[in-house]
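Protein chains in written order, with the numbering used here: chain A, 1 to 605; chain B, 1 to 240; chain C, 1 to 299.
No wet-lab data here; the hints were simulated from the structure. Fair warning: this is a prediction, and the values are worked out from it, not measured in the lab. Even glycine gets a Cβ: it sits at the ideal position worked out from N, Cα and C. Don't take every hint at face value.
Unchecked claim - For each label pair, taking beta carbons as the anchor points, the in silico distance ranges come out as:
1) A:Asp554 to B:Arg182: 21 to 31 Å
2) A:Tyr489 to B:Ala122: 44 to 54 Å
3) C:Asp181 to A:Thr520: 34 to 44 Å
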Amino acid sequence: MRTAIPVGRLGIAALVIAAGVPFLCDNYITDVALTIVTYGILALGLNIVVGYAGLLDLGYAAFFAIGAYTTALLETLLNFNFWETIPCALVFAAISGIIIGWPTLRLRSDYLAIVTLGFGEIVRIIAVNLDITGGPNGIYGINPANVLGHDLTSPKSIYALGLVVLVIVLVFVIRLGQSRLGRAWQSLREDESAAEAVGVPTLRVKMLAYVIGALIGGLGGSLFAARFGTIDPTSFTYAQSVTILIIVVLGGRGSIPGVLLGAIIVAGLPEALRFLNLWREFVFAVALILLMLLRPQGLWPARLRRIAAPSADEAHHVPHAEPAAQIAEVTANEPETLLEARNVSRVFGGLKAVTDVSFTVHRGEILSLIGPNGAGKTTVFNCLTGVLPPSSGSILWDGRSLTGLVPHRVVARGLARTFQGIRLFNNMTVFENVLVGMDHRFHVPLPAELIGLPFARRDTGLHYAACRNWLEFVGLSDKAGLRAGDLPYGDQRRLEIARGLAGQPRLLLLDEPAAGMNPTEKQSLMGLIRRIRDLGTTVLLIEHDMLLVMGVSDRVIVMDRGQIIAEGAPAEVQANSRVVEAYLGTEEDDPEDGPVGSISEGALA
Amino acid sequence: MTLLAIEGLRVGYGKVEVLHGIDLTVGAGEIVALLGSNGAGKTTTLRALSGLEPVRGGRVSLGDTSLVGVPAHKIAAMGLAHVPERRRLFAPLTVEENLKLGGYLMREQTAELKRRIDAMYALFPRLLERRLQLAGTLSGGEQQMVAIARALILQPRLLVLDEPSMGLAPLVVRSIFGIVKRLRNEGMAVLLVEQNARQTLRIADRAYVLESGSILVDGPASALAQDPRVQAAYLGGVAA
Amino acid sequence: MSEFIQLVIAGLTTGSFYALVALGYTMVYGIVRLINFAHGDIFMVGAFIGWTVLTTLAATHMPWGIGLLLALVVAMLLTGGLGVVVERFAYQPLLSAPPLSILITALGVSLALENGVLLIFGAGFNTYPQLIGSEGFMIAGARITDIQVGIIVLSVVLMAGLYFFVHHTFIGTAMRALAVDRDAARLMGINVERVIQITFFLGSSLAAVAGVMEGLYYTEINFFMGFVVGLRAFTAAVLGGIGNIPGAMAGGLLIGLLEAFSAGYISSRWTDVIVFLVLIGTLVIKPTGLFGERVVERM
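Using the sequences provided together with the hints, build the complete structure.
Dropping the structure here:
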């Protein structure tokens with residue numbers, strides 16, 4: 001992974017100006033700049049939750065409060081010095097993040113918003129009502145930070161500290177964005193169920209966003225406490241949480257320059273435009289509405305992050321990165337029977353979508369599942385991949401049960417799937433989509449990845465090379481840097497397949513891959529399916545295009561009305577009269593033209 | 001007399017074009033079938049007709065009026081009744097409430113509406129027994145009856161049915177098709193979308209076969225029933 | 001015992017406000033799956049409109065009954081209209097956008113309403129005229145005042161009216177149908193956009209009544225009063241089962257009682273915390289609420 005931070009000339013200029021402020025400006029302006037810096041830190045933290053992971057948090061001030069009160073209390077009650085309080089503040093903020101996050105991150109986004117709002121209020125109310133936190137008056141007499149014997153009390157010195165913290169947080173956040181976790185967050189934001197279905201542990205990833213956001217909020221709080229020497233509950237209100245949110249949304253969710261710009265505007269501008277004070281909040285509120293209606297991506301939208309794919313040469317020189325090697329790694333010593341479905345049924349309310357379906361999937365075959373509309377084929381797929389639990393019956397993989405596992409765990413066991421309506425991460429590049437597909441195989445711990453330790457970089461190198469080779473395998477290597485949503489339809493299908501293959505699946509489930517393709521594209525798809533099988537991955541296919549199914553399959557299973565009605569080689573199945581009936585209808589007498597009264601008797605079973 | 005005329009209809013989602021220029025007509029007093037395997041574009045055609053899906057190109061007219069760009073609730077007022085795929089009843093509402101909503105556009109005319117609902121109960125006595133039951137608790141066949149009755153309350157000129165046979169036992173399908181024939185005999189224009197080709201071709205007057213968004217073949221139903229291309233479109237090859 | 005009854009009476013009174021406001025949350029959520037953040041502020045606007053009417057009429061020496069009626073009607077109509085305007089211009093364009101966008105917009109509307117009222121009326125408290133006396137009568141040792149009776153009775157009447165509307169009129173039935181399947185409703189000839197606007201109108205006007213009543217009861221209103229009431233009413237809607245109308249009514253009364261008991265037996269400082277814990281607890285333990293539908297994502 002590249003360790004360079006993409007700063008650009010604008011970034012360097014901004015940094016130089018920022019560093020120069022205490023030398024060039026008076027205390028008042030330095031103070032304003034420090035406010036901008038503080039909000040900048042907080043907004044970068046909230047950006048992880050709202051911008052990266054897409055979770056609406058309306059109570060972010062709670063973490064700010066926890067950091068500030070921790071520092072304040074430890075200093076005043078236990079005589080810690082500032083630096084000693086920081087790890088404690090971080091720990092408490094993280095713990096509170098876990099406490100709120102754990103029960104609530106399963107909720108839909110709208111509920112999450114209200115619950116986080118509630119939590120923010122709870123923290124504030126506790127601070128106001130407990131004596132130990134000083135009640136409504138807060139805590140005063142907090143010692144300033146001390147660096148090398150000097151107390152940082154002057155605005156300029158505190159500003160310098162703040163700027164250093166901002167830069168540290170900035171580097172951290174940028175590295176996060178480039179990491180596997182950053183990709184996971186973006187995929188989550190793009191399409192949560194698709195992310196889950198390609199192996200992203202969505203719940204855990206949401207928690208991490210929350211906790212890391214909490215850490216940064218807590219850090220901001222500690223800094224805040226040391227800056228003023230006193231804190232009180234009025235700094236940690238709902239209005240504060242909303243202000244930080246406005247910064248993130250106004251600047252551009254997920255965009256780091258955007259967030260910083262937002263901080264400058266929201267925290268800095270009102271100082272410059274004092275006379276607008278009373279109107280300020282109203283103007284921001286209206287701006288928020290207009291923004292969502294007209295320019296939801298914010299003032300400085302996040303750019304399409306481009307992780308450059310390695311060149312063909314580089315990629316082919318990395319050992320074990322070839323598709324064949326990737327698949328061989330997982331298919332050595334495979335049992336003859338890969339997957340076994342036993343008496344699987346799935347009921348929705350009163351409707352029996354799938355009844356008593358049993359079949360096996362053999363190593364190395366191409367097996368197709370066909371049947372008329374409403375036969376239950378996608379429901380079977382959903383049961384196999386963990387999207388829906390079967391109402392009864394069991395699914396065995398490698399002899400062990402697969403039933404009831406969440407989709408990302410099913411993927412970890414070696415299955416992968418594509419969707420009927422293509423579900424790519426549209427705002428990510430082609431290359432990144434494939435990277436996400438492979439991310440669950442990447443086991444380097446996050447800190448190692450962020451720092452860029454050698455073993456982490458080697459792993460990443462393998463990862464990148466393998467994914468690029470998969471793109472080549474499906475014929476998309478020249479489009480690696482394009483935005484996935486801009487690809488033509490046929491290419492999008494192939495990308496989805498590449499994303500699935502990147503996870504080194506032993507069984508690939510394709511749900512109507514030929515839908516919407518023209519005959520030439522279908523031919524090339526058939527070739528691709530055969531090549532996948534030749535690598536060693538078993539393929540299970542749902543399709544409606546009979547020519548494709550009959551041309552590519554080793555075996556065919558036919559479903560109708562939730563049950564299996566035929567199974568065998570393509571030619572057998574085509575000739576099977578029950579199958580023909582299911583698709584075309586029966587050879588029977590005409591429907592009666594008799595009196596309509598006959599409808600009421602028995603016929604409407 | 002042609003009631004529904006579709007010319008060069010194109011419909012798509014984002015980058016994908018699903019219908020590549022369809023031509024189709026339906027006249028009063030005839031049953032026209034629209035056949036094709038799944039994914040061919042049948043439901044999309046019906047949704048575009050009813051105003052649920054935006055039309056990218058082509059002409060659609062009911063009588064003299066163009067339907068393109070007209071919102072769905074206004075198309076319903078023009079005499080087009082669409083019975084959607086999988087019924088889509090309002091499950092937590094009673095059978096009676098579902099029927100009443102079928103007559104939403106004539107809600108002011110209480111007496112006439114009541115007369116028409118009673119007429120539906122006469123046509124489907126089973127529903128009268130179940131009128132206060134929640135629609136979601138009915139069997140598949142009964143739900144299909146409610147869906148059709150609901151559509152007939154406004155006495156539409158054109159009845160559009162999307163796979164009414166789906167998920168229903170053959171006997172039930174037969175009785176439904178019987179009703180459709182009777183409606184045709186009384187002068188209604190019917191557009192029937194089905195996967196179940198053989199049974200459908202037996203009651204239809206004319207049929208079109210859709211494949212991958214284009215009409216593959218069309219003509220009198222009896223001719224199509226013998227056409228090997230129809231079978232091939234479904235089964236990808238010559239079968240017994 | 002008499003203290004208990006006194007608390008019950010207080011609880012039912014404030015519970016009536018929460019129930020009326022909760023109805024707005026629940027109806028809107030039922031048909032467009034949106035938590036209307038601005039709804040609490042709509043309640044607040046209703047209170048201010050009522051105040052404006054009453055203080056304007058104060059000079060005319062109109063009989064208080066007619067003045068109050070006028071205030072209620074004007075507040076209902078104007079606030080209902082405001083709800084429709086917000087829906088039409090801020091929410092409708094975003095109904096098919098990602099859910100996060102519409103949530104943020106709702107937040108924007110909420111802030112705009114709060115700050116708009118702040119700009120017009122200032123940050124202080126405005127006082128409602130004392131219209132209804134505080135005498136009343138005694139029940140089992142507890143006093144129930146005229147105003148409390150008035151509030152509870154009016155709320156019951158309105159809730160019964162809404163229930164009748166939703167279950168026995170065509171538009172009400174259309175609302176329930178919309179909540180199930182919007183496209184199928186369109187095929188019946190139902191103008192879905194119009195019905196959604198009517199829903200917003202109803203919810204907002206009920207909130208306006210609650211606003212005026214709160215003004216009469218507590219006599220002081222302020223631009224930020226919608227925040228607390230909004231959150232408690234939302235909790236009530238969730239407790240009752242969001243999307244479920246009788247549930248919202250029951251939930252409102254329960255939260256009102258909870259508030260009264262919390263203030264009476266613990267301390268009013270902790271009421272908010274207790275109410276939030278009820279909210280979080282409901283969502284985690286029994287997301288369907290007492291009568292309603294699932295809110296948890298099925299992965």
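So, going through the hints one by one against the coordinates:
no.	hint	verdict
1	A:Asp554 to B:Arg182: 21 to 31 Å	violated, 48 Å
2	A:Tyr489 to B:Ala122: 44 to 54 Å	holds, 50 Å
3	C:Asp181 to A:Thr520: 34 to 44 Å	holds, 39 Å
Hint compliance for this structure: hint 1 alone is broken.
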